[in-house]
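> Chains as they are written, first to last, in the working numbering: chain A, 1 to 295; chain B, 1001 to 1325.
Be careful, since some hints might not be right.
As the list claims (entries may be wrong) - Computed footprint of chain B on chain A; a stretch qualifies when at least three of its residues, placed anywhere within it, have a C-beta under 8 Å from a C-beta of chain B:
no.	stretch
1	33 to 39
2	42 to 56
3	76 to 90
4	112 to 119
5	129 to 135
6	205 to 214
Hints in this document: simulated from the structure, not taken from any laboratory.
Glycine included, C-beta positions come from ideal geometry on N, C-alpha and C.
Single-letter residue listing:
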Amino acid sequence: MEKAKKHGLSDKVSDVILVAICCIILLIVAYPLYYVLVASVSDPYEVYSGQTFLVPSKFTLEGYQAVFANKSLFRGFGNSILYTVVGTIFSVVMIYLVAFPLSRKHMPGRKAISIFFIITMYFGGGLIPTYLVVRDTGLLNNMWALFLPGGVAVGNVIIVRNFFENNIPSELMEAAAIDGADDFTTFFRIVVPLSRPIMAVMVVFSMVAFWNDWFTSLIYLSKDQYPFPMVLRGILITTEAMKDMWSGMSYADANRMAELVKFASMIVAAVPMLVIYPFVQKYFEKGFMTGAVKG
Amino acid sequence: MSVKKTATKEKSPKDVPAPSGEVVVPGKSLGSRILQSWQLYAMLLIPVIITIIYKYIPMYGIQIAFRDYKPNRGFFGSKWVGFDWFERFFTAPNFKRMIVNTVKLSLYGLLWSFPVPIILSLAINQLRFKRFKRVVQTVLYAPHFISIMVVCGMIRIFLSPYGGLINLLTGNQIDFMTEPDAFRTIYIYIASGIWQDAGWGTIIYLATLSAVDSGLYEAAKIDGASMFQRILHIDIPELVPMIVLQLIMAAGGIMSVGFEKVFLLQTELNKATSDVIAVYVYQQGIVEHAYSLSTAVGLFNTVINIILLFIVNKIAKKAADVSFV
């Protein structure tokens, strides 16, 4: 203890400083989100005159009502749910279909097949050649244009393959092989049930990617098919959607509605993913550390 | 995204052979081993077909960068024009501006945002109250899960001259979105990038630090090392290989500035700094239907990236004995 003092701050003092710094960082990260939340349930005029830094002013839920009452926002929300569900199932199935064979060392051509997939991580056709192939395969204005051109998420395949190789006891596989289990049986009976943590991580990664994606739908889909973020774009970025959305109202009313909807729709877009990830946070940290650090 | 990358990278410095999970019967011919594995090939069939159609055929289609692509003639029927499109791009009025903006935006972005996750992870790693540590991590990860659309919406609202948060707090009425100087700098692009992804970036460093032998800390404490000294002499040396690895990856991506955010934050008035190659590729290709020109520009960008990747990788190999390619 005495020595510690000679060398600088004691651990107790350092701890206090550290916690204080972390609290400031927490505040910086969390406050913008908190502000949007507060603003989403406040009167827009109060927000823009600086009355809502900490607590809502003139509490109202009109913004949220408007989000779900508005046709294009509601349709966008529905589209997003559909794309997220289908995309996640498709994506996770693809990852598993590739990761399992690549984890089987006795499969002839394993190395070549690995390279075949890994090349696509570093090199691609680029925007237009891909667009032309999507168009020529008839996927324009088709939901599958969001999933197929992405192909297989190769980075995730590698994580999952590492998990199979490191975290599923090889004795189990050997025993199964001796009992005459074929690859399908091993896959469905041993690998799938024993890889739930990494599957949970993959599900969350895929969900987040599809829920937040907007660029793919900008290129490939029509307006009616737009997911929630693309409808948000019309409100937040280009503001071109505003005129059509509340066309029957007076200018002032429409303006007020627009401002209310801005904050509420951002919350609606962000909250589903923010609610989900803490549940798997422990998994992805664990899965990640065993999968990656142990190599 | 960062997790996928890091997992592959992490592997390379210390390649520990994984335990093999199957019985290989020696002496069997290749033919019978292939037959025996038919179920594995069956599983790969659909992913391979999708990858060929949507990844490899587009790669083959890159040749339209050297052709005058006409929709009715297809990839191969269109006239061969050599490097015409590249020349067109190099002589475009905004060519220099786009290159400079692309490089500056990602270079400054890298300089500002690269150290943040390292510093954060060193701090988080020293937190002794497990519950508080978990809260800090959860909150820091949060922005990563928010759509870039929402983040850009927040930026625009916060920076609005009419009652935007930043102007309210500082008592100004500045219209940041029309200021070319504000676009690149700390205000818009870089600051929001740090806010969104610095927390997520700590995962890889925290994972590395969790591998430190706790006996090392105990010994250091007995020797009277302060927290700062423990960070300096134990944590930082442990992180160095990972830091170099991350730096290689980042440097290789200098030319691939994030398209989405620039596209969403660009206004007519801040184009002097927000005009980048990726937006040009989109604009020419999807909006103007100049398919060949757009492909040529995209290819130019990719080639530069790959060259950078190899150069940096080579330097790092010599300097720190780490590599990932």
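> How about the stretch 33 to 39 of chain A: do at least three of its residues have a C-beta closer than 8 Å to a C-beta of chain B?
Contact hint for the stretch 33 to 39 of chain A vs chain B: holds, 3 residues under 8 Å.
> How about the stretch 205 to 214 of chain A: do at least three of its residues have a C-beta closer than 8 Å to a C-beta of chain B?
holds (count 5)
> In terms of beta carbon proximity below 8 Å, does the stretch 112 to 119 of chain A have 3 or more residues touching chain B?
Coverage by chain B holds for the stretch 112 to 119 of chain A (3 residues, Cβ < 8 Å).
> Is the listed coverage of the stretch 76 to 90 of chain A by chain B valid when you require three or more residues with a beta carbon under 8 Å from a beta carbon of that chain?
violated (count 0)
> Tell me if chain B covers the stretch 129 to 135 of chain A under the three-residue, 8 Å CB rule, please?
holds (count 6)
> Tell me whether the statement that chain B covers the stretch 42 to 56 of chain A is true, taking a Cβ distance below 8 Å and needing three residues at minimum.
With 5 residues closer than 8 Å to chain B, the stretch 42 to 56 of chain A meets the three-residue bar; holds.
The structure does not agree with numbered hint 3 stated previously, though it agrees with all others.
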